[in-house]
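Colleague: Residue numbers (the numbering used here), protein chains in the order written: chain A, 1 to 286; chain B, 1 to 398.
FYI, nobody ran anything at the bench for these hints, they're computed from the structure. The structure presented is a predicted model; accordingly, all values stated were derived computationally and were not measured. All C-beta atoms in this analysis are idealised placements derived from N, C-alpha and C, irrespective of residue type, glycine included. Honestly, I wouldn't trust all of these hints.
Heads up, simulated SDA-like pairs for lysine to any residue below, C-alpha to C-alpha not over 20 Å straight-line [to be verified]: (1) A:K188 / B:M82; (2) A:K188 / B:I77; (3) A:K188 / B:R127; (4) A:K188 / B:K144; (5) A:K207 / B:I77; (6) A:K188 / B:T85; (7) B:K144 / B:T167; (8) A:K207 / B:K144; (9) A:K207 / B:R111; (10) B:K16 / A:A127; (11) A:K207 / B:G141.
Footprint (simulated), chain B over chain A, 3 or more residues, beta carbon under 8 Å [as the list claims (entries may be wrong)]: (12) 133 to 140; (13) 232 to 246.
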Amino acid sequence: MNNGLLEFPTWIKLDLATYIDDFVRYLNVNYGDFFYALKATLNGLINLIYQSLNIIPWWLFILIVIFVTKKLLGSYRKGFLYGALLFCVGTFGYWDMMNETLSIVITSVIFSLLLGLPIGVGISTSAGANGFVRPVLDAMQTMPTFVYMIPAVMLLGPGKVPAVLATVIYAVVPVIRLTSHGIQQVDKEVVEAARAFGSSRWQILAKVQIPQALPTIMTGINQTMMMAVAMVVTCAMIGANGLGMEVLIAINRTESGRGIIAGISIVILAIIIDRLTQSFSAKGDK
Amino acid sequence: MAETILKVKNLYKLFKSNDITANEDVALKLLQEGADAATVLDKSGMFAAVADVSFEVQRGEIFALIGLSGSGKSTIIRCLNMLHTPTRGQILVEGSDITKYNDEQLLELRRTKIAMVFQNFGLMSHRDVLSNVCYGLEIRGMGKAEREAKGMEMVAMVGLEGWEHKTIDSLSGGMKQRVGIARALANDPDILLMDEAFSALDPLVRNDLQFELLRIQEKMGKTIVFITHDINEAFKLGSHVGILREGRMVQVATPEQMLSQPANDYVRKFIDNVDPSKVFSVRNIMVTPSCMIKATDGVNIALQSMRNNGVSSAYIVGEQMHFIGIITLEDALAVRAGKKTFEEAVIKDLPLITDMDTPVADVVELAASAKFPLVVVSEGNVLRGIVSKASILSSFCN
Numbered sequence: 001m002n003n004g005l006l007e008f009p010t011w012i013k014l015d016l017a018t019y020i021d022d023f024v025r026y027l028n029v030n031y032g033d034f035f036y037a038l039k040a041t042l043n044g045l046i047n048l049i050y051q052s053l054n055i056i057p058w059w060l061f062i063l064i065v066i067f068v069t070k071k072l073l074g075s076y077r078k079g080f081l082y083g084a085l086l087f088c089v090g091t092f093g094y095w096d097m098m099n100e101t102l103s104i105v106i107t108s109v110i111f112s113l114l115l116g117l118p119i120g121v122g123i124s125t126s127a128g129a130n131g132f133v134r135p136v137l138d139a140m141q142t143m144p145t146f147v148y149m150i151p152a153v154m155l156l157g158p159g160k161v162p163a164v165l166a167t168v169i170y171a172v173v174p175v176i177r178l179t180s181h182g183i184q185q186v187d188k189e190v191v192e193a194a195r196a197f198g199s200s201r202w203q204i205l206a207k208v209q210i211p212q213a214l215p216t217i218m219t220g221i222n223q224t225m226m227m228a229v230a231m232v233v234t235c236a237m238i239g240a241n242g243l244g245m246e247v248l249i250a251i252n253r254t255e256s257g258r259g260i261i262a263g264i265s266i267v268i269l270a271i272i273i274d275r276l277t278q279s280f281s282a283k284g285d286k
Numbered sequence: 001m002a003e004t005i006l007k008v009k010n011l012y013k014l015f016k017s018n019d020i021t022a023n024e025d026v027a028l029k030l031l032q033e034g035a036d037a038a039t040v041l042d043k044s045g046m047f048a049a050v051a052d053v054s055f056e057v058q059r060g061e062i063f064a065l066i067g068l069s070g071s072g073k074s075t076i077i078r079c080l081n082m083l084h085t086p087t088r089g090q091i092l093v094e095g096s097d098i099t100k101y102n103d104e105q106l107l108e109l110r111r112t113k114i115a116m117v118f119q120n121f122g123l124m125s126h127r128d129v130l131s132n133v134c135y136g137l138e139i140r141g142m143g144k145a146e147r148e149a150k151g152m153e154m155v156a157m158v159g160l161e162g163w164e165h166k167t168i169d170s171l172s173g174g175m176k177q178r179v180g181i182a183r184a185l186a187n188d189p190d191i192l193l194m195d196e197a198f199s200a201l202d203p204l205v206r207n208d209l210q211f212e213l214l215r216i217q218e219k220m221g222k223t224i225v226f227i228t229h230d231i232n233e234a235f236k237l238g239s240h241v242g243i244l245r246e247g248r249m250v251q252v253a254t255p256e257q258m259l260s261q262p263a264n265d266y267v268r269k270f271i272d273n274v275d276p277s278k279v280f281s282v283r284n285i286m287v288t289p290s291c292m293i294k295a296t297d298g299v300n301i302a303l304q305s306m307r308n309n310g311v312s313s314a315y316i317v318g319e320q321m322h323f324i325g326i327i328t329l330e331d332a333l334a335v336r337a338g339k340k341t342f343e344e345a346v347i348k349d350l351p352l353i354t355d356m357d358t359p360v361a362d363v364v365e366l367a368a369s370a371k372f373p374l375v376v377v378s379e380g381n382v383l384r385g386i387v388s389k390a391s392i393l394s395s396f397c398n
């Protein structure tokens, strides 16, 4: 018997964990078909992207990176640097794993943007929705990622699909936040001017607010991509193959060299994605 | 005869200061009893931005609304195109009450009848000059070629040819406001609302744009409601000026009326800063010459008239007050002595003022260098009056 005044009384108990377990089990039993279909669809998409990446010969891929860099950043020097870095990843023997990782990242980013952009626009215009979504976003960002990996694995089984799901939950936050922030930051007089000239709600959004907020929105997209890359190792824990898995294996076997080169490969991937997408937001600033 | 295009009747605009105690009815009642804004805020929790304001604007005039910051002038102008919904009162545009309009009618009103120019320009930095100018036409659904042709016309009108594809950020403040004006004019509105449009500009550029605005208004005959906190600007541009204080209209009058008969001490204090020579035009200070003769009268009548009036020169007019010239006392005596003919004696080469609305300030230099009082003529060289150095000086001391 504990003293109910000094310690929290044991008889006041909310067995939330059991309810959640029951709920997940309920979903699994009753909506198994739905999750199965979801898994199949997502798997198909991830594989499609993976196959497409695999079709591209390694040298062409490097050339593409060089030219895209030249086009976006205006510098062949950087282009060759990034090309060389990618070549390094190849020499580590990780080219195929890189493609695998990329396919997860790309799929996650696609879904994050499909979800995040409309939500961001939505909460920028409605104070009510904003009040509801903000705390949810905070929770999504601060909740340890492993926590929602458990139900994801239970519902979808291990593999790349729950990895994408977990990545989307984690990475969708910045694009929502920065989209809504960008739209709210648009000069009030500019929006007022658009109204004064007889723009409809939709015209203000499409012709003024979104274009004006574009640099901030692009920053959000860039952040989302970075966070998707950052999830790679975590996702390996639920069976997503790729560079993250390599790091995980190296940790388990305490092979420092293997872990470090796999880590470096992830860093190279992250740097290239970051620099290329950052150039978009910088462009919009001008 | 002038036609009323815009009529504001007993306009009120109240804002809630909080959600708990704010009571609109209490506030309105207090305001109708003449309470001041502080009392209303205290007792009803409503902030009265505009209280019982009425005025009329004639087609083709510039109506200037002036007041200190917080006097409600920006709120009023935003009511005129319903960016703010008035709490009470009517706003009649060509006789139709726009406060009763539904969303669709409002869009139509803003797209075709009323356009606005903003203090900080309100330009879209993601569009170039031309595409900013065309914005109003674009959202009306006008085709690209047509709207760009119209846009180029407006760009030329405000003197920005060659800049149409520049980015907004590359323009100076004055140029940005030219874009703002062009954008508003492109819609071909009947009424142009200008919210402190020149206040963010430095004085030289402001002067330039004021002149430009007058030129454009002359050319296009737009009705303009102009808001400013600069009394000189209001008097320079406005044919009628309304002075606001704490949301109430203190006086509406022409600049001349306001100067000569200020409604109260507040107005008097406000217009103390005004340079009267910029407000008074030649029309206000010119006088009819006391000694005026017909060309057919001859030199003897001229001399007699000069003697009777105690002056040393006479103004000679032809048929229908057509101004011919001046004859001086010495010359008239010379003609009588037979040393000169009458024709030779008349001085015809004189500086004339051809526009009675020229501000006095603009003729000071001319008057200082002229030997005789300045002659004011209207169209067809018809003599209307003269402006002496003395009357110019006395206008400064008004």
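Colleague: Which hints from the list above does the structure break, by number from lowest to highest?
Modeller: 4, 5, 12, 13
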